[in-house]
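S.K.: Here's the letter readout for the chains.
Protein chains: 2
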Amino acid sequence: MVSKRLPAVILITASLLPSSVSAQQPPQNQGLWSVYEQATKGAKHIDLTHAFAPVQPVWPGFGQAEFKATTAGADIPDYVKRGEEYTYAKHGFVATSYVLTTDQYGTQLDPPAHWDEYGATISDLPPTFAVRPLVVIPIQEKVKADPGYHMQVQDVLDWETRHGRIPEGAVVMVRSDWYKRWNNPKHFNDKPFPGVSLDALKFLHLERKILFHGHEPLDTDTTPTLEGEAWLMHNHFTQAEGVANLDQVPEAGALISIGFAKPLGGTGGYARFVAIAPADWPYGVTVADASGAPLPKQSAPLRRDEHGAMRPTPGAK
Amino acid sequence: MVSKRLPAVILITASLLPSSVSAQQPPQNQGLWSVYEQATKGAKHIDLTHAFAPVQPVWPGFGQAEFKATTAGADIPDYVKRGEEYTYAKHGFVATSYVLTTDQYGTQLDPPAHWDEYGATISDLPPTFAVRPLVVIPIQEKVKADPGYHMQVQDVLDWETRHGRIPEGAVVMVRSDWYKRWNNPKHFNDKPFPGVSLDALKFLHLERKILFHGHEPLDTDTTPTLEGEAWLMHNHFTQAEGVANLDQVPEAGALISIGFAKPLGGTGGYARFVAIAPADWPYGVTVADASGAPLPKQSAPLRRDEHGAMRPTPGAK
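Each protein sequence line maps, in turn, to chains L and B.
Going by full-length UniProt numbering, the letters in the first sequence line up with residues 1 to 317, in that order.
Going by full-length UniProt numbering, the letters in the second sequence line up with residues 1 to 317, in that order.
Keep in mind the hints are simulated off the structure, nothing from the lab.
Be aware that one or more of the hints could be misleading.
Because identical chains share one entry, a pair is satisfied inside a single copy or across any pair of copies.
[As the list claims (entries may be wrong)] Below are the SDA-like pairs computed for lysine to any residue, each with C-alpha atoms no more than 25 Å apart in a straight line:
(1) K81 / T161
(2) K81 / S97
(3) K68 / H307
(4) K68 / W182
(5) K41 / V287
(6) K41 / D280
Predicted model only: the values in this text are computed from it and were never measured.
Given only the sequences and the hints, what does the whole structure look like? Please build it.
M.R.: The structure is reproduced here in structure tokens:
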């Protein structure tokens, strides 16, 4: 029997077997482009990332970031003097300077080097950190009853009863809906907050061989020793923290695009994760909805706000 | 007639039509996971990103970045004093602090806000900046003869003669092999360097409706007004700069995974791009080659080098 949810890519490609392909003019060498044309172009894209900002939740032992205008690093005759701020009006462009007191900031991808002196750094991650199956395990109902609930192996098994075995190499995100408190920086890290049990992490990595797990809070669990993160990092696994919008993603059947800045030897990852869900999923945007070129104009000119971030500013001069 | 280069995804999915799918146990709801299982898991992944570093090529009007150890942002009783450096030995982890004098640094994705006060910022980019078809147009042979060669419309048309029409929404990278000079920071920006002509940019965006183009140098062209970048930014298009390893990617048939850090209102993008090429491509790694979990151990313990970057350090104490 054919599942009603048979992958769209299979159904569509079946209609494109040799006879219809040969009727087309070039492209002759489309290789993996059929994946885009037939599966991901019309898929629903959901950004799982908090934009990081000068004021936001951060672990108490770290500090906030500073955003400010870039100034000239050197004299360029007839153009700019060292130390002068670049402006749209005078120079035709702006740039931004950051003082980032920690790489554990915002939606992040922790490499093992964060905790282990023999661990891989962010620039050591292989290029296969790119596109993976995305599994979303919901614990938000249990968190409503107990904000300190930690995901158990049974939650994983319950997911598998509904959707089948977790694919090897998948990214497994734990949905707690905790991300909705992001705009309350002072209390985002208050305990209790939802976590992931060490047993569940071991099960996901050792039995299901996932790529990494992710969660919405900024710590993996509320144990005094952070036992889950310690086990992951010292066993050379990565993890994602501060993930957003998991309530807008299917539990099964989406892909995840894994992006991050790549500083040499980085011990943390300023990350951007995007879920790519089947075309019939109700949330998210397709390429037709948001092509990205050209991009929409701002409603008002950009100016730096009191924290140094460029924001549309009605009435700006 | 069937092309010998018929997409692998079609050939493979054809063997997985209903009868064989129904013979499987769960997963029942695999949605887009078939894209991974059948097309990208076994594909060749190539990182197109320079890891950014404290000393590297940068536009002369900007400055270098500073990397250093993160220190405590606050007292935590019995654990850390404000200002104390986090260490593996005492605290069980490290973190890194960055002073980034510009967001135009390393392999980057420029949003229109870099030049246009009504332009989209990096945090405005829609989630459809994720996975796209990758086109690589080679000009490296012309650059060998003339280092100041700028890609012309004819180079695009020649590519189309070989591979068919550029897909709408694609990312078009211009291969010049200039990236091989990255380790010579003092002279990377010396003129002449290879560029992209304004006519070619207009053709790619207005006639072919690409998502963005990218190039290996840190500027789009060598005109005094940077006419190409000016046109792109003021017409609300993005562009990639400082791209690497395009000599290891096919001219047609690969996908690109688009990643970047997402600061609120950012006027530049610290990016990471990964090409995903068909399985029979000679360069790159598959998930089987580099699963990413667990990651390899360092050959020696990580310590900060003289520029503040964590590097494996034989004999470290």
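S.K.: Taking the hints in turn, state whether each one holds.
M.R.: Evaluated hints:
1. K81 / T161: Result: close neither inside a copy nor across copies, 65 Å intra and 48 Å inter.
2. K81 / S97: The answer is within: 17 Å in one copy meets 25 Å, while 28 Å across copies does not.
3. K68 / H307: both (8 Å within a copy, 23 Å between copies)
4. K68 / W182: within (23 Å within a copy, 28 Å between copies)
5. K41 / V287: both (6 Å within a copy, 23 Å between copies)
6. K41 / D280: Both: 13 Å inside a chain and 24 Å across chains, each within 25 Å.
Checked against the numbered hints above, the structure breaks only hint 1 and satisfies the rest.
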